[in-house]
Amino acid sequence: MTQRVRLTPRAVADLKATARYTTQKWGHAQCQSYLRSLDARFSWLAEHPTTGRARDDVADRSRSFRHNAHIVFYRIRDNGIDVLAVVHSAMDVDGV
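Okay, so the sequence shown: first residue is 4 according to our numbering, each after it adds one.
Calculated directly from the structure, the hints in this document are not laboratory data.
Quick list of the computed label-pair ranges, beta carbon to beta carbon: (1) 39 x 13: 15 to 23 Å; (2) 92 x 46: 17 to 25 Å; (3) 71 x 50: 17 to 25 Å; (4) 40 x 11: 17 to 25 Å; (5) 57 x 27: 32 to 40 Å; (6) 11 x 47: 12 to 20 Å.
It should be emphasised that the depicted structure is a prediction, and the values quoted were computed from it without experimental measurement. Every residue gets a Cβ at the ideal spot worked out from N, C-alpha and C, and that includes glycine.
Take the sequences, apply the hints, and build the full model.
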(Lines of atoms letter the chains of each structure in order from A and count residues from 1; the text may use other names and numbers.)
(Lines give C-alpha, C1' and ligand atoms only; values in the text may rest on other atoms or scores of the structure.)
Protein backbone atom coordinates (compact mmCIF):
# COMPACT_ATOMS: atom_id res chain seq x y z
CA MET A 1 0.00 0.00 0.00
CA THR A 2 1.29 3.44 -0.91
CA GLN A 3 2.01 5.60 2.09
CA ARG A 4 0.73 9.17 2.06
CA VAL A 5 2.54 12.43 2.69
CA ARG A 6 0.64 15.39 4.15
CA LEU A 7 2.20 18.83 4.43
CA THR A 8 1.26 21.08 7.33
CA PRO A 9 0.72 24.79 6.64
CA ARG A 10 4.13 25.43 8.25
CA ALA A 11 5.80 22.96 5.87
CA VAL A 12 4.11 24.58 2.86
CA ALA A 13 5.33 28.01 4.00
CA ASP A 14 8.85 26.63 4.50
CA LEU A 15 8.87 25.14 0.99
CA LYS A 16 7.65 28.42 -0.53
CA ALA A 17 10.42 30.32 1.25
CA THR A 18 12.98 27.75 0.10
CA ALA A 19 11.70 28.04 -3.47
CA ARG A 20 11.97 31.85 -3.43
CA TYR A 21 15.49 31.80 -2.03
CA THR A 22 16.71 29.02 -4.33
CA THR A 23 15.28 30.73 -7.41
CA GLN A 24 16.93 34.04 -6.49
CA LYS A 25 20.28 32.44 -5.67
CA TRP A 26 20.58 29.63 -8.24
CA GLY A 27 17.75 30.04 -10.75
CA HIS A 28 14.46 28.40 -11.65
CA ALA A 29 15.87 25.10 -12.96
CA GLN A 30 17.84 24.46 -9.76
CA CYS A 31 14.81 25.39 -7.67
CA GLN A 32 12.62 22.88 -9.51
CA SER A 33 15.28 20.19 -9.19
CA TYR A 34 15.66 20.76 -5.45
CA LEU A 35 11.91 20.79 -4.82
CA ARG A 36 11.58 17.51 -6.76
CA SER A 37 14.34 16.00 -4.63
CA LEU A 38 12.53 17.08 -1.45
CA ASP A 39 9.28 15.59 -2.74
CA ALA A 40 11.07 12.31 -3.44
CA ARG A 41 12.56 12.40 0.07
CA PHE A 42 9.10 12.90 1.59
CA SER A 43 7.79 9.86 -0.30
CA TRP A 44 10.80 7.81 0.77
CA LEU A 45 10.30 8.84 4.41
CA ALA A 46 6.63 7.84 4.20
CA GLU A 47 7.76 4.37 3.09
CA HIS A 48 10.56 4.21 5.71
CA PRO A 49 9.22 6.39 8.54
CA THR A 50 11.38 5.09 11.38
CA THR A 51 14.58 6.00 9.51
CA GLY A 52 14.59 9.52 10.91
CA ARG A 53 15.88 10.42 14.34
CA ALA A 54 13.36 10.78 17.17
CA ARG A 55 13.07 14.49 18.04
CA ASP A 56 10.76 14.80 21.03
CA ASP A 57 13.02 17.71 22.06
CA VAL A 58 11.58 19.70 19.14
CA ALA A 59 7.95 18.56 18.95
CA ASP A 60 6.01 15.73 20.55
CA ARG A 61 6.38 12.44 18.60
CA SER A 62 8.39 14.14 15.86
CA ARG A 63 11.30 12.78 13.87
CA SER A 64 13.88 14.44 11.64
CA PHE A 65 15.91 13.52 8.61
CA ARG A 66 18.55 15.66 6.93
CA HIS A 67 18.16 16.29 3.21
CA ASN A 68 21.08 18.24 1.75
CA ALA A 69 20.99 21.68 3.43
CA HIS A 70 17.59 21.12 5.07
CA ILE A 71 16.16 19.13 7.94
CA VAL A 72 12.75 17.58 7.39
CA PHE A 73 10.67 17.32 10.56
CA TYR A 74 7.78 14.88 10.41
CA ARG A 75 5.37 12.80 12.44
CA ILE A 76 4.43 9.20 11.65
CA ARG A 77 0.77 8.40 10.96
CA ASP A 78 -0.94 5.05 10.31
CA ASN A 79 -0.87 5.54 6.55
CA GLY A 80 2.16 7.78 6.05
CA ILE A 81 3.69 10.93 7.49
CA ASP A 82 2.83 14.54 8.24
CA VAL A 83 5.68 16.85 7.24
CA LEU A 84 5.77 19.41 10.04
CA ALA A 85 8.53 21.70 8.78
CA VAL A 86 11.46 21.90 6.37
CA VAL A 87 14.16 23.98 8.06
CA HIS A 88 17.57 25.02 6.75
CA SER A 89 20.22 23.30 8.84
CA ALA A 90 21.65 26.67 9.91
CA MET A 91 18.30 27.83 11.33
CA ASP A 92 16.96 27.53 14.85
CA VAL A 93 14.41 24.71 15.14
CA ASP A 94 12.33 26.26 17.93
CA GLY A 95 8.65 26.39 17.18
CA VAL A 96 8.53 23.47 14.76
